[in-house]
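Student: The chain contents come next:
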Amino acid sequence: MEEVLFFGSAIGALGGAVGVVAMRNPFYSVLALIVHLFSLAALFLLLSSAFLAAAQVVVYAGAVMVLYVFVVAYVGGGEPAWEPIPGQRLLAPLLAIALFVELSVAVLASALLALGTEGPDVDPGFGNPEAVGTLLLEKFLLPFEAASIMLLLAAIGAVVLAGKRQEDTA
Amino acid sequence: MNIEWYIVLSSLLFATGAAGILLRRSPIVILLCLELMLNAGNLALIAFSRMVGNEEGQIFALVVMVVAACEVVVGLGLIVAIFRRKLPLNVDELRGLRG
Amino acid sequence: MSATAWAWLVLLFPLLGSLGIALGFRVLPARLCGAIGIAAVGLAFACGIGVLVTLLGEDAEARHHASSLWDYASVAGLDIKLGIYVDPLSTFMVLVVTGVSSMIHVYSFGYMKSDQGYRRFFSYLNFFVFSMLLLVLAGNFVLLIVGWAFVGFASYALVSFWYRRQTATAAGMKAFVINVVGDIGLVLAAFLIVREVGSLDYGTVFERAPETFAVGGGTITAICLLLLVGAFAKSAQIPFHTWLPDAMEGPTPVSSLIHAATMVTAGVYLIARTNVLFVLAPTAADIAAFVGLATLLIAGTIAIAQTDMKRVIAYSTMSQIGYMIMGVSIGAYSAGLFHLMTHAFFKALLFMAAGSIISAMANMQNIDRMSGFWKAMRFTSIMLLVGGLALAAFPGTSGFFSKDSILAFAEARGGMYFWMAIGGYVGAFLTALYTFRLIFRVLPGRPCTEAQELIETGHLYHGPAQNPHTLEPEDPDVGFPGSEHHIAEQSRSMAFAMAVLGFGALFAGLVQVPGVTDVLFSFLEPTFHDSPLASIHPSVGAEWRGLAIGGVIAVLGILVSWLLWVRQPELPALFRQRLRPVYLLCLNKWYFDEAIDLLVVRPVLAIGRFANRVFERYVVDGAVTGTEQTVRGAGGVVRAVQNGFVRSYALLLIAGFAGLALYFLLSSS
Numbered sequence: 001m002e003e004v005l006f007f008g009s010a011i012g013a014l015g016g017a018v019g020v021v022a023m024r025n026p027f028y029s030v031l032a033l034i035v036h037l038f039s040l041a042a043l044f045l046l047l048s049s050a051f052l053a054a055a056q057v058v059v060y061a062g063a064v065m066v067l068y069v070f071v072v073a074y075v076g077g078g079e080p081a082w083e084p085i086p087g088q089r090l091l092a093p094l095l096a097i098a099l100f101v102e103l104s105v106a107v108l109a110s111a112l113l114a115l116g117t118e119g120p121d122v123d124p125g126f127g128n129p130e131a132v133g134t135l136l137l138e139k140f141l142l143p144f145e146a147a148s149i150m151l152l153l154a155a156i157g158a159v160v161l162a163g164k165r166q167e168d169t170a
Numbered sequence: 001m002n003i004e005w006y007i008v009l010s011s012l013l014f015a016t017g018a019a020g021i022l023l024r025r026s027p028i029v030i031l032l033c034l035e036l037m038l039n040a041g042n043l044a045l046i047a048f049s050r051m052v053g054n055e056e057g058q059i060f061a062l063v064v065m066v067v068a069a070c071e072v073v074v075g076l077g078l079i080v081a082i083f084r085r086k087l088p089l090n091v092d093e094l095r096g097l098r099g
Numbered sequence: 001m002s003a004t005a006w007a008w009l010v011l012l013f014p015l016l017g018s019l020g021i022a023l024g025f026r027v028l029p030a031r032l033c034g035a036i037g038i039a040a041v042g043l044a045f046a047c048g049i050g051v052l053v054t055l056l057g058e059d060a061e062a063r064h065h066a067s068s069l070w071d072y073a074s075v076a077g078l079d080i081k082l083g084i085y086v087d088p089l090s091t092f093m094v095l096v097v098t099g100v101s102s103m104i105h106v107y108s109f110g111y112m113k114s115d116q117g118y119r120r121f122f123s124y125l126n127f128f129v130f131s132m133l134l135l136v137l138a139g140n141f142v143l144l145i146v147g148w149a150f151v152g153f154a155s156y157a158l159v160s161f162w163y164r165r166q167t168a169t170a171a172g173m174k175a176f177v178i179n180v181v182g183d184i185g186l187v188l189a190a191f192l193i194v195r196e197v198g199s200l201d202y203g204t205v206f207e208r209a210p211e212t213f214a215v216g217g218g219t220i221t222a223i224c225l226l227l228l229v230g231a232f233a234k235s236a237q238i239p240f241h242t243w244l245p246d247a248m249e250g251p252t253p254v255s256s257l258i259h260a261a262t263m264v265t266a267g268v269y270l271i272a273r274t275n276v277l278f279v280l281a282p283t284a285a286d287i288a289a290f291v292g293l294a295t296l297l298i299a300g301t302i303a304i305a306q307t308d309m310k311r312v313i314a315y316s317t318m319s320q321i322g323y324m325i326m327g328v329s330i331g332a333y334s335a336g337l338f339h340l341m342t343h344a345f346f347k348a349l350l351f352m353a354a355g356s357i358i359s360a361m362a363n364m365q366n367i368d369r370m371s372g373f374w375k376a377m378r379f380t381s382i383m384l385l386v387g388g389l390a391l392a393a394f395p396g397t398s399g400f401f402s403k404d405s406i407l408a409f410a411e412a413r414g415g416m417y418f419w420m421a422i423g424g425y426v427g428a429f430l431t432a433l434y435t436f437r438l439i440f441r442v443l444p445g446r447p448c449t450e451a452q453e454l455i456e457t458g459h460l461y462h463g464p465a466q467n468p469h470t471l472e473p474e475d476p477d478v479g480f481p482g483s484e485h486h487i488a489e490q491s492r493s494m495a496f497a498m499a500v501l502g503f504g505a506l507f508a509g510l511v512q513v514p515g516v517t518d519v520l521f522s523f524l525e526p527t528f529h530d531s532p533l534a535s536i537h538p539s540v541g542a543e544w545r546g547l548a549i550g551g552v553i554a555v556l557g558i559l560v561s562w563l564l565w566v567r568q569p570e571l572p573a574l575f576r577q578r579l580r581p582v583y584l585l586c587l588n589k590w591y592f593d594e595a596i597d598l599l600v601v602r603p604v605l606a607i608g609r610f611a612n613r614v615f616e617r618y619v620v621d622g623a624v625t626g627t628e629q630t631v632r633g634a635g636g637v638v639r640a641v642q643n644g645f646v647r648s649y650a651l652l653l654i655a656g657f658a659g660l661a662l663y664f665l666l667s668s669s
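Just so you know, the sequences run in chain order A, B and C.
The opening position of the first sequence corresponds to residue 1 in this note's numbering, with each subsequent residue numbered one higher.
The opening position of the second sequence corresponds to residue 1 in this note's numbering, with each subsequent residue numbered one higher.
The opening position of the third sequence corresponds to residue 1 in this note's numbering, with each subsequent residue numbered one higher.
In case anyone wonders, no lab produced these hints; they're calculated from the structure.
What you were told as hints is all true, and nothing was included just to trick you.
To list a few chain B residues with every Cβ distance to chain A over 10 Å, as calculated:
id	residue
1	96
2	97
3	98
If you want a taste of the chain B side facing chain C, the calculated C-beta under 7 Å gives, among others:
id	residue
4	21
5	22
6	92
7	95
We put the CB at the ideal spot given by N, CA and C, even for glycine.
Throw the hints in and build the complete structure from the sequences for me.
Tutor: Okay, structure coming up:
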């Protein structure tokens, strides 16, 4: 059962990824990414991270993607022309493949024995909000606060970037 | 499933995102590919968290998600600003950093 | 107060005077600067008397002291101190220099009165006196070279005093360059000395020299020859003499101070001071004596043909210094220095009188146009006559006693030096001849226009302001001579100075009448008594015989010149025609200037041109430009990476990452 779910989600994730890269219309890319994100959420569930899966769907697929949809709607799309960098088209897939191979080799050839397992037995409360919340507020309080400051900064930045300037008459 | 499957999937997704950044010219799509890479990293983190047996990896992945969200906000704000100034939304034509 | 303390004061006053005038020249009035200058040198003279008195109060053998203020350079085994050496020789030189300089300062007070550069003149004069005193008081070779170089600079500054005059600046540069050649000789000699002896201090060097060097050895001869290069350049001996006649471009007080009484005698002082070294190198001493003799004779022949008044006197200076050089080289140290002193008096006097006459001639210096000044300027004429008589060694004058004491010594030493004495007597005849040629041209006869104006109106003739040789027009602003000219009859300071020097020119010889007085030689004796040559004393009879011969020759010279230039003035023209090649040789100064131009100046200029056209352009410039272009090229290559395409940056990023990962994978497997 687990394998089926895994392969299904993996195919969904990969398909979404390839879709993002390959599609001409940026709106279709956004939609492909949403599919990808949902598949990833499923994978997270398979890894006993319930909270993260939910967060992925709500934050990522929900808020962030909606933002993308709005911007694509405002800006419009279509892949612009002009390819001045020689060799880029050829080198890019090559490098990507090289990267993939190296990463895989690096991980798999490492002497991590635990990789070959499914991981230790965890109690059912693993990955649930209570566990994550406890960690957040006890051990990782500082990163938590820092992250919230960063969100604030991003919000301010967005306001500044999008705000009207004197010379804009729109 | 053994953890190594997830790791291999994660590196595959990462490579795909990298290829996308190198191949596409629209800044929006490049940002989307960036999201791909970040999510691939998240997947790896959570897989390792499961492998080790504690939730610290998940906290890390949560923070990564926060970072990604902020970065998307700023990036899209930039794209909107560029669009507003009637500049071409083409990464190749925005060459101000040329030295 | 000790002798050395007085000596430090001697150095201090002219330095303070020079600096004071230099720093305050914008606020101090001109006459005050002149007074400061005179006071500075006057005080130095007074302190010189102090040194003398202190020395005389000591035992004759103990009359040498060294004193140093602080370490100048203590490095690598050399210990050079800022030190002076006080002994009879340096005291004598200090007194001569300060005495004659003070009179010249007094003379300048009146002579330079209307010159716009009056203050600068006195500052330079004081600086010169300080440098000369430093030279003679120096206690080690380093300080000697410092004083030597300063004197050279002061000479340059004063010769090109009227700096807007093209001829003056060219002359100043010529003097300086030839002096520098001499400096090089001196410095190389110092190098050799320090390498062989290990010290540059006079006391140490002169003590160790007889043990370190074998008599007649190669090194000591080289050292002495290099010292001679320095001495000849400074004292205008052949072949380094070409700067002296040109240096007459400077104002007359400069000529009388530097080029008669003091700077040109520095070479004589050097040889006298280093007599220990010259005794060890007889070849070098003989070469010096020959050069002195040659200069003596050649300069005499040139002087007969010159028509510029100051140049005649300049060549006579060269000739008389030839006597002094010859004297100190053959061992007649005290005699040579005696002649130095008397020459300082009468030569400075001659220049002063010449300055007065030239002023009356509105700065024209050609004796062909001068005549009849006996009637127009009686006092100046008398002074000119006094100086001329002393120069010609007329019996009874100071020059009579001093010149013949050198020749008597040469006779007494015998051998080839006897023939040098004969040469010296020939030179004495020439001296009397050209001196009185000058006097008989200028003084008697019908007054020329300028003299006539003076007689009739009592005012000086005013000609247009122009360069006396090239006749280019000038103006009386700073950098050119002033608008007013001053003669001794109208300027009290000039007259006073000339009177004092006239007295010295007449009576200074009485300090050393053979068999009667022995003031000077006995005073100087302790400095030289270690020399083997000091034991040669001509007998009193031989001295008087020499004096008699000298007196006869002098009178004979005066008579012949009276004959040629007063009695039968058509004779010189006849001689010029008949002996035209000889006349031309003398008129053109034996073509030394042309020879040096051909042998030295042109090759050097050619080397310079080559260096500029080839070396500079291709090698140096090429290296610099080549480096620049390489760097620029490299920069261009690096710049190409920053092409502005974000995607290419990303490509580099990912490629780099992939490469690194590959490297780590491979290295860890």
